[in-house]
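K.L.:
Chains as they are written, first to last, in the numbering used here: chain W, 1 to 825; chain E, 1 to 107.
Simulated from the structure, these hints should not be mistaken for laboratory data. One thing to keep in mind: the hints can contain errors.
DSSO-like mimics (lysine-lysine), calculated; alpha carbons at most 30 Å apart, straight line [stated by the list, open to error]:
(1) Lys206/W <-> Lys452/W
(2) Lys8/E <-> Lys499/W
(3) Lys622/W <-> Lys51/E
(4) Lys236/W <-> Lys8/E
(5) Lys776/W <-> Lys495/W
(6) Lys52/E <-> Lys602/W
(7) Lys499/W <-> Lys518/W
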Amino acid sequence: MTTNHSSPPDGAHKPRLVVIGNGMAGIRAVEELLDRAPGLYDISVFGAEPRVNYNRIMLSPLLSGEKTFDQIVINDRDWYTANDVTLHAGDAVEMIDRQRQVVITKSGLECPYDRLLIATGSMPIVIPIPGARLPGVVTFRDVDDVDTMLAASAKGGHAVVIGGGLLGLEAAVGLKARGMDVTVLHLAGHLMERQLDASAGHLLAKELERRGLTVLTGADTAAILGDSHVTGVALKDGTELPADLVVMAVGIRPDTRLATSAGLEVGRGILVDDHMVTSDPAIMAVGECVQHRGSCYGLVQPLFEMAKVLADHLAGRKGVGYAGSVTSTKLKVTGVDVFSAGDFSGGPGTEDIVFRDAGRGIYKRIVLEEGRIKGAVLYGDTGDGGWYFQLLRAGEDVSPLRDTLIFGQGFAPSEGGAANPTAAVAALPDTAEICGCNGVCKGTIVKAIQEKGLTTLDAVKACTKASASCGSCTGLVEGLLAHTLGGDYQAAGVKPMCKCTDHDHDSVRRLIRVQGLKSIPDVMQALEWKTPDGCHSCRPALNYYLLASWPGEYVDHAASRFVNERVHANIQKDGTYSVVPRMWGGLTNASELRAIADVVEKFDIPTVKVTGGQRIDLLGVKKDDLPAVWADLNAAGMVSGHAYGKSLRTVKTCVGSDWCRFGTQKSLEVGVNLERMTWGSWTPHKFKMAVSGCPRNCAEATIKDFGVIATDGGFDLLVGGNGGIKLRGTDLLAKVTTEEEVQEYCAAFMQLYREEAHYLERTAPWIERVGLDFVKARVVDDAENRRALHERFLASQRHAQVDPWAERAPGTAAARDFRTLATVE
Amino acid sequence: MHRPLDWKDIGQLTDIPVQGARRVEHPAGRIAVFRTIDDQIFALRDECPHKKGPLSEGIVHGHAVTCPLHNWVIDLATGAATGPDEGCTGHIPVRVEGDRVLLGLVG
Ligand code: SRM
Ligand SMILES: Cc1cc2nc3c(=O)[nH]c(=O)nc-3n(C[C@H](O)[C@H](O)[C@H](O)COP(=O)(O)OP(=O)(O)OC[C@H]3O[C@@H](n4cnc5c(N)ncnc54)[C@H](O)[C@@H]3O)c2cc1C
Ligand code: SF4
Ligand code: FES
């Protein structure tokens with residue numbers, strides 16, 4: 001059977017062009033061809049979908065209800081008729097017979113071709129897990145999928161979207177708009193990881209959560225549950241989520257089935273040359289189904305570029321051909337502005353320019369390489385996306401724009417003019433709000449600077465209240481001072497924490513508390529960090545500040561800790577570790593010593609040494625053995641000694657009045673009790689204590705962070721000693737009479753240090769910096785404050801006194817990271 | 001002579017912690033396999049060019065790792081020390097296929 005194609009009356013037959021795929025690329029190619037050479041071909045289009053050509057990218061607004069099907073149709077029936085294009089909608093091509101130059105369809109139709117265009121697009125990937133084919137599991141590719149989702153959402157209930165990429169998120173937001181409870185499961189560490197960097201991905205997740213969606217990253221799906229219909233989703237970590245609908249949006253694969261069985265050359269996609277011609281000169285391919293110069297694309301812009309080239313070719317014009325596309329992405333969720341383009345992964349030889357405006361929820365990052373834009377990620381303000389994309393595609397040298405590039409096109413220097421960073425503030429209107437907390441506008445600040453002769457940030461703060469609350473507008477206010485005063489302005493001498501930020505330690509600590517910042521990405525955004533994910537210097541500090549500010553709420557970020565604290569052992573010069581079990585107050589007994597001896601033999605530990613902190617160090621343990629070594633020590637009742645941590649270390653004691661002929665108090669007991677109260681606490685730097693039973697001071701309490709020397713009448717409490725690099729003897733903090741007071745003063749002092757000192761500042765330099773009087777005023781003179789500090793210390797200890805060794809017992813998920821990943825020959 | 005690379009499957013992407021690393025034993029020396037915050041995988045000889053510190057134990061930031069022993073910062077893509085320090089440790093080609101991680105070793 002042949003088709004009813006009319007041959008031209010004179011018998012000279014027009015070349016027949018058959019298009020497989022009534023989608024975006026195929027029809028765009030036909031449109032471009034009709035533009036160039038109307039009537040040149042006799043055109044037939046086969047579409048598997050029983051409908052006219054529509055705008056697939058608008059399926060998202062169709063799902064959310066922002067558009068109707070009619071509104072997303074690109075070409076209606078009249079268009080096909082008017083252009084003499086025969087449409088076979090709902091009749092998929094099942095075979096290409098290259099010998100006879102015909103295509104054969106599902107309904108049995110045979111249609112001859114002179115030129116064939118394959119534009120079959122791609123297929124959604126279905127991950128092969130149990131339950132993947134259950135009713136209620138859909139992909140997101142065509143109108144039928146949207147209809148299935150709409151039918152499910154009409155009943156409400158839970159939807160689980162697997163895949164937090166562009167499609168998954170648009171599906172999730174759409175289903176939420178339709179009234180479902182939506183959870184997004186994403187395998188990678190952050191959303192849209194192929195388009196966004198971690199910072200932007202984090203902001204996006206927060207925004208979606210604010211809109212009522214649940215986002216789980218690092219979520220590895222194990223199975224879809226249900227007998228006759230989906231009822232839930234199980235994750236590899238054991239979590240189970242209820243689900244009435246599951247949307248799989250984990251990626252696409254070029255649909256090469258027809259091409260493969262026709263024997264065309266196929267890689268990941270159908271291989272085409274620069275003119276979109278396949279390995280058979282009569283057959284062309286375009287769209288998502290092709291692979292060109294090694295790349296497959298999943299966005300419309302490259303397809304449109306291909307369609308132009310293809311139309312040139314079909315129309316017999318000699319064009320330059322297709323050279324591949326650089327793509328950019330936007331997420332189509334109303335009110336969420338996300339843009340990305342090019343390669344923003346950074347790497348050697350690249351340079352990041354990062355701009356964050358916490359007040360307006362903006363994050364921008366531009367990656368430069370040799371003076372050219374290599375990639376860009378914009379969140380919150382995507383207005384300049386097109387401009388960056390244009391500079392990127394043109395490969396233009398942006399060095400002359402470097403200083404103001406991140407502010408956007410509006411601040412680019414005019415022809416020949418030099419860039420001026422303060423122009424950014426200068427260009428703001430007088431009514432622009434600078435300080436969000438206190439509602440102060442630019443005009444007010446500039447007027448105050450001019451009329452009252454203000455020259456410093458503090459003066460502006462005092463006079464206008466700008467920057468006096470949260471401080472996040474400090475940079476802008478300084479910019480205004482610089483702009484208004486010109487050369488007369490000198491920024492105040494704050495010492496930034498590191499090159500990633502302009503804030504110093506104190507302001508970071510303060511802002512974490514007043515702004516309620518509870519994660520490292522939150523801090524970096526709110527305080528406008530200048531690097532995407534910090535460095536080895538600021539990340540451990542932030543982790544500590546968050547932990548100290550929000551005990552029980554902040555979840556420790558292991559990747560932001562130094563190796564010793566991450567693996568709970570001290571790294572040695574050869575990469576092995578030392579293990580020091582806690583020995584309360586330096587006391588031990590036969591069963592502990594026996595367990596230690598057994599461990600040494602069992603794991604062949606080369607060195608056993610008594611430390612300067614009165615306990616036993618096992619040196620040279622292999623990392624793979626650590627969890628097992630700990631398990632054996634745990635079994636004998638021993639816990640980690642934190643010999644590796646910025647944390648409480650040891651409490652040295654002397655024998656005291658229990659045995660010693662000079663002893664005045666039970667120093668052993670006092671020491672053990674102090675260690676029981678304080679073990680497990682994290683501190684800005686290591687914290688050591690000692691309790692001596694008399695002023696002979698055999699425990700060396702006068703060079704400890706907190707020392708106790710027993711006297712006839714009670715206890716001398718000593719603080720700020722240090723035996724290390726720079727010797728410092730302690731200062732006398734107070735004299736007390738009871739052991740309860742020793743405990744309360746100790747906890748209060750430690751808590752003050754925990755809340756006030758900079759990360760990696762020991763008590764000795766801290767006291768030198770703030771002065772002993774500062775400490776005394778809060779811990780000694782103000783009894784109420786002392787009790788409050790004591791209370792806060794105990795509160796945080798409730799979350800801290802968990803043995804890190806037990807948490808990493810063999811077989812736990814945490815123990816996994818200690819093992820060698822693989823051994824290869 | 002240029003010998004073809006032998007691609008060895010060493011495990012799943014999610015076996016490696018984000019902003020962290022795992023070790024792989026190889027007859028020619030230990031290899032550190034890193035996963036950065038943007039889910040890219042890199043592999044280096046697990047030996048700092050300074051004094052052979054185990055880079056697998058360093059803090060990973062951007063596409064760099066800070067050596068745990070004396071804070072040299074090593075570029076993950078090249079194995080070269082950055083900043084004022086000089087030296088380079090070998091880097092190993094990596095390929096991610098689906099969720100599997102493969103190292104390109106000289107066969
Ligand atoms: C094991 C031990 C030496 C020994 O064999 O006795 C030791 C070993 C180390 N000390 Fe220490 N210190 C040890 C007691 C001391 C003492 C004595 C004490 O605690 O009574 C001091 C002087 C007192 C003090 O801290 O004020 C001491 C002052 C230091 C310093 C200098 C600190 C300072 O503020 O100046 C460092 C360097 C640092 O922390 O940055 C240090 C650093 C180190 C490190 C962690 C070096 C490092 O970063 O790798 C060593 C770890 C070796 C390991 O794997 O175990 N160690 N170190 C002692 C462990 C005590 C314990 O049971 O936990
Ligand atoms: C929900 C959604 C949102 C999107 N959002 C965006 C966006 O914001 N920006 C962007 O750039 N891109 C977006 N995309 C991607 C964009 O839609 C695709 O890149 C584009 O549609 C691909 O065009 P194509 O012609 O190659 O494939 P398609 O448009 O899929 O067309 C292929 C057609 O071929 C048909 N077909 C397949 N096999 C046969 C056969 N054997 N016989 C007959 N017909 C067959 C299919 O049924 C289909 O209709 C989105 C995609 C989806 C699904
Ligand atoms: S004194 Fe120096 S060499 Fe000895 S353990 Fe302490 S840090 Fe190491
Ligand atoms: S061994 Fe790496 S910095 Fe010294």
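K.L.:
What are the numbers of the hints the structure violates, in ascending order?
P.N.:
1, 2
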